[in-house]
Amino acid sequence: MSVTVILNGRLTVLDCAPATMLLDALRDGEGLTSVRATCGIGVCGACTVLLDGEPVTSCLTMAGQAEGRAITTLEGLGGSDPVQRAFAAEHAFQCGWCTPGFVLTVKRLLEENPDPGEEEIAEALGGNLCRCGSYVNIAAAVRRAAKELRA
Amino acid sequence: MSGLDPRVTGEQAYAVDVTRPRMLHAAFVRSPYAHARVTGVDASALPPDCVALLPEDVAGLGRYGCQARDQRVLTDVARHAGDIVAAVAAPTRRAAQSAARRVSVDYRELPAVFDAVAAVAPGAPLLHADTAESAKEEVSIGVRPLPGTNVCHRFRLVSGDAARAMAEADVVVSEAFRTPSAAHVPMEPHAAVAEWDDGRLTLWTGTQTPFNMRADLAGLFAMAPEDIRIVVPMMGGSFGAKTFVRTEAVLAALARKAGRPVKAVLDRTEEFLTLNRHPATMRVRLGATRDGTLVAKELDCWVDTGAYADCGPGVATKLGYAGVGPYRIPHVRVDSLAIYTNLPPNGAYRGYGAMQSIFASERTMDVLAARLGMSPLELRRRNLLRDGDRFATGEVMHDVHFEECLQAAADAVGYEDDPRGKGLCVLLKGMQTPSRAQVSVERTPVGFVVRSASTEMGQGVKRSIQLMAAQLLGCEPGQVVIPDPDTAVTPFDTRTTSSRSTHMMGRALEVAVADLGDGDHGFGEVVEEGGLDPDTGQGIASSHWHQGAAGAHVSVDEETGKLTVEHLHGVAYAGKVVNRPGAALQNDGSMLMGLGTALFEAIEFGDGQVANANLSDYNVPAPGDVPARFTHEIIEREGAEVHGLGETVLPPVPAAIGNALASLGLDVRELPFTAERVLGAVDAR
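Quick note, the sequences are listed as chains Z and E, same order.
So the first sequence is numbered by my numbering: it starts at 1 and just counts up by one.
So the second sequence is numbered by my numbering: it starts at 1 and just counts up by one.
Since the hints were made in silico from the structure, they are not lab data.
Please read these numbers as outputs of a predicted model, since none were measured by experiment.
There could be a bad hint or two in this list.
[Claimed, not checked] Facing chain Z, a subset of chain E residues (Cβ under 10 Å, in silico):
#  : residue
1  : P6
2  : D17
3  : V38
4  : P111
5  : F114
6  : M187
7  : G236
8  : G458
9  : L467
10 : T564
11 : H567
12 : N612
13 : L615
14 : S616
15 : P623
16 : A684
[What the hints assert, rightly or not] Stretches of chain Z that chain E covers, calculated by requiring three or more beta carbons in the stretch to come under 8 Å of a beta carbon on chain E:
#  : segment
17 : 4–18
18 : 62–69
19 : 87–94
20 : 97–105
21 : 115–124
[To be verified] For each label pair, taking beta carbons as the anchor points, the in silico distance ranges come out as:
#  : chain 1 : residue 1 : chain 2 : residue 2 : range
22 : E       : P91       : Z       : G9        : 40 to 46 Å
23 : Z       : P18       : E       : R102      : 25 to 31 Å
24 : Z       : P18       : E       : E604      : 24 to 30 Å
25 : Z       : E118      : E       : P330      : 28 to 34 Å
26 : E       : T560      : Z       : R143      : 46 to 52 Å
Just so it is clear, CB atoms sit at the ideal spot from N, CA and C, and this is done for glycine as well.
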């Protein structure tokens, strides 16, 4: 059994049953270790991937739901996306475990809303947890990335 | 490659990412009962490709435990719901979990106790027939169990004659407080891989205590420490959760039986069964003269260490002396008990007991101020320790900045303009003492390799060491490479706890760089002697002091009980800052963890079962929980030495918020400040 997707821009056959969780298919099957099992119930956002551009928690998404669709993990951003550069410049992380989920969520936020206010940032990031408590710097990174993308 | 930090590109690897050839995956068989004797374990239904670790496999092994040797690899008596009674290895994690469910265990239930005060009452069920102190010098604190009881350690501090002074005091307040258990919630769960090769054990594991772990496992397996190698990848957060031996003992035994490497990654529910924060009940008596001079303090603490001691004796000790507070008090008596109950084990948690007793102690200061008709700020100022004063442990204080910290917190929230809805807290806490740090520096053609066993969990210790080394060596930070700790090649360090690493490693580096000279290798060591006498509390609690304060401004909806923190301000004395962005992040993180502790974090138990063992029912602060004004400051002084600040502004947050509530006449004695408790205080006012 397999599932065919466009994974980080490449046509990819995921060698798994459709009922396999997307998290397991990506992490164990494809070696994409930025996708991180954490809460297992879709509340912390550390396993976030973009499905046709929308953030989803891959721990609650079955691989079959991604059939024929585009999946982007942090690896797919190429390493120097403006959002990534903004997170680095603002020191918007401590242990870094949650960072992939935040970066992908912010990526989508700024496509929808190029100039979010503080409350909009907090609301958009409400499904992502950082136990190190780096939220002040994360919000600064969102503002910096927004400014750069608008320029 | 972009050159960005691997945490931003997703390339950062953690223990959870370690794989080895032919590796199997572990799952644990856990007791559903809080207290039960295991009468039979049957693994005959397991598939042939699974390996089970059963009681008979570990019968020859001894006991382990960092401060009291009270744990077995597989327990014959389950002492908490979730205690591990067998383990399974299988080709996949899912297969292992499925196999673990097919292991049949018979139990005979025993009476259980879930509260530390009840556990020291006559007739309470006893958890451990005997407790043996651990022998390892790096961890041992001189444990004082009370035989025939559930007390695994009693810490006492006696300075002057508190009973007599209390009787003679003009004003005495006597108050009681409780703090609940809480979860660390590191985003990365506990993860480890164990592998044996020709009688030697290698563990890749996320731990703050590689050398303590090596010593404990060497005792357990009767091996030379050098035959055990602990490699520590970056941790995805820890906050005290990944200290001492957690799953590593059972994992090593399982891997030895399997004859193959085995990996264990806990699921989120298991995290709540592995190590939590000590619940505490505290009674504070504080006596003063009519003009607000403190004359006597008595502090009695019941500290719930759960089913196994772990570092509970150390936590009860620090909780005990930190609860004295940064004050000149001529007569002090502290009695702090670490007590076994049938809850999951409790251990190190950012602040190491300080939050609990500082909450009780600093709330009591405001109660006394109200009784005296004095400003809480003025009462504190009048009694704060200053340079040259003697603390209750007998230590003469130096480099003292409590008053500046307190004043900064008061100024930030406008306390002297209008104290209504505002609260303050000032604290003293210590660093792990005795303490020993070693570091080596090796010159390479392109830079330097610095080997330090300081483990990285997001607190930024590698960056701090890199910056300090670059400055000492006169090179660019990028020329300093710091490999992950590996006990096979990295020199000794006591452990990465108690905000000690930058303070200790910075000085060890100075020695190492001087030793390097023009050569290729340099070695440095710093040793801090000390420790407290557990029977008198006299000695050296800390080689340097963590000093801080917090100010809070709150508002309360008295219809709903909803408490809103309008402004939270933390102050930490740093002496000298090494890594400014890192220091700011540590303060933000400490304050936010303190905010969660104050407002909503509590593990709920029902008959010893964790009722909220997931991140939907156990909430941690989310982006929307950051107060509208969330500020901090770091105090530095020209020529001062580096003071640790990884935890300093967590402990004062609940007390500052509690005092802000008290300023509105809302007296809440138990954390967290839920709407129900606040409403109860509104009704009681």
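Hints versus structure:
Interface hint at E/P6: satisfied, since its Cβ lies 8 Å from the closest Cβ of chain Z, which is below the 10 Å cut-off. At about 5 Å, the closest approach between the beta carbon of E/D17 and any beta carbon in chain Z falls short of 10 Å, and the interface hint on this residue holds. Violation of the interface hint for E/V38 is found here, the shortest Cβ-Cβ separation to chain Z being roughly 28 Å, above the 10 Å cut-off. Interface restraint check for E/P111: the shortest CB-CB distance to chain Z comes to about 34 Å, outside 10 Å, so the restraint is violated.
Because the closest C-beta pair between E/F114 and chain Z is about 26 Å apart, greater than 10 Å, the hint is violated. Given hint, E/M187 at the interface with chain Z, holds; its Cβ is 4 Å from that chain's nearest Cβ, closer than 10 Å. Because the beta carbon of E/G236 sits about 3 Å from the nearest beta carbon in chain Z, less than 10 Å, this interface hint is met. With 10 Å as the threshold, the beta carbon of E/G458 comes within range of chain Z, its nearest partner Cβ sitting at about 3 Å, so the hint holds.
Annotation: E/L467 was flagged as interfacial toward chain Z, and the flag is violated, the nearest CB pair being 13 Å apart, outside 10 Å. Against a cut-off of 10 Å between C-beta atoms, the interface hint on E/T564 is violated, since the closest Cβ of chain Z lies about 15 Å away. Because the closest C-beta pair between E/H567 and chain Z is about 14 Å apart, greater than 10 Å, the hint is violated. At its closest, the beta carbon of E/N612 sits 12 Å from a beta carbon of chain Z; the interface hint therefore is violated under the 10 Å criterion.
At its closest, the beta carbon of E/L615 sits 4 Å from a beta carbon of chain Z; the interface hint therefore holds under the 10 Å criterion. Restraint check, E/S616 versus chain Z: the minimum CB separation of about 5 Å is within 10 Å; hint holds. Checking E/P623 against chain Z: minimum C-beta separation of about 4 Å stays under 10 Å; hint holds. With its C-beta approaching chain Z no nearer than about 33 Å, E/A684 sits outside the 10 Å limit, and its interface hint is violated.
With 0 residues bearing a CB less than 8 Å from a CB of chain E, the segment 4–18 of chain Z misses the requirement of three and the coverage assertion fails. Evaluation of the coverage hint for the segment 62–69 of chain Z: breached, as 0 residues show C-beta separations to chain E shorter than 8 Å, against a requirement of three. Only residues whose C-beta sits within less than 8 Å of a C-beta in chain E count toward coverage, and the segment 87–94 of chain Z has 5 of them, enough to reach three; the restraint holds. With 5 residues having a beta carbon nearer than 8 Å to a beta carbon of chain E, the segment 97–105 of chain Z meets the requirement of three or more and the stated coverage holds.
As drawn, the segment 115–124 of chain Z meets chain E at 3 residues by the rule of a beta-carbon pair under 8 Å; at three or more, the given contact holds. Taking the beta carbon of each, E/P91 and Z/G9 are about 32 Å apart, not inside 40 to 46 Å as hinted. The hint said 25 to 31 Å for the Cβ distance between Z/P18 and E/R102, and at roughly 27 Å that hint holds. Between Z/P18 and E/E604 the Cβ separation comes to about 37 Å, which falls outside the hinted range of 24 to 30 Å.
Against the hinted window of 28 to 34 Å, the Cβ-Cβ separation of Z/E118 and E/P330 comes to about 50 Å, which falls outside the hint. E/T560 and Z/R143 have their C-beta atoms about 33 Å apart, which leaves the hinted 46 to 52 Å range violated.
In terms of the numbered hints stated before, the structure departs from hints 3, 4, 5, 9, 10, 11, 12, 16, 17, 18, 22, 24, 25, 26, listed from lowest to highest.
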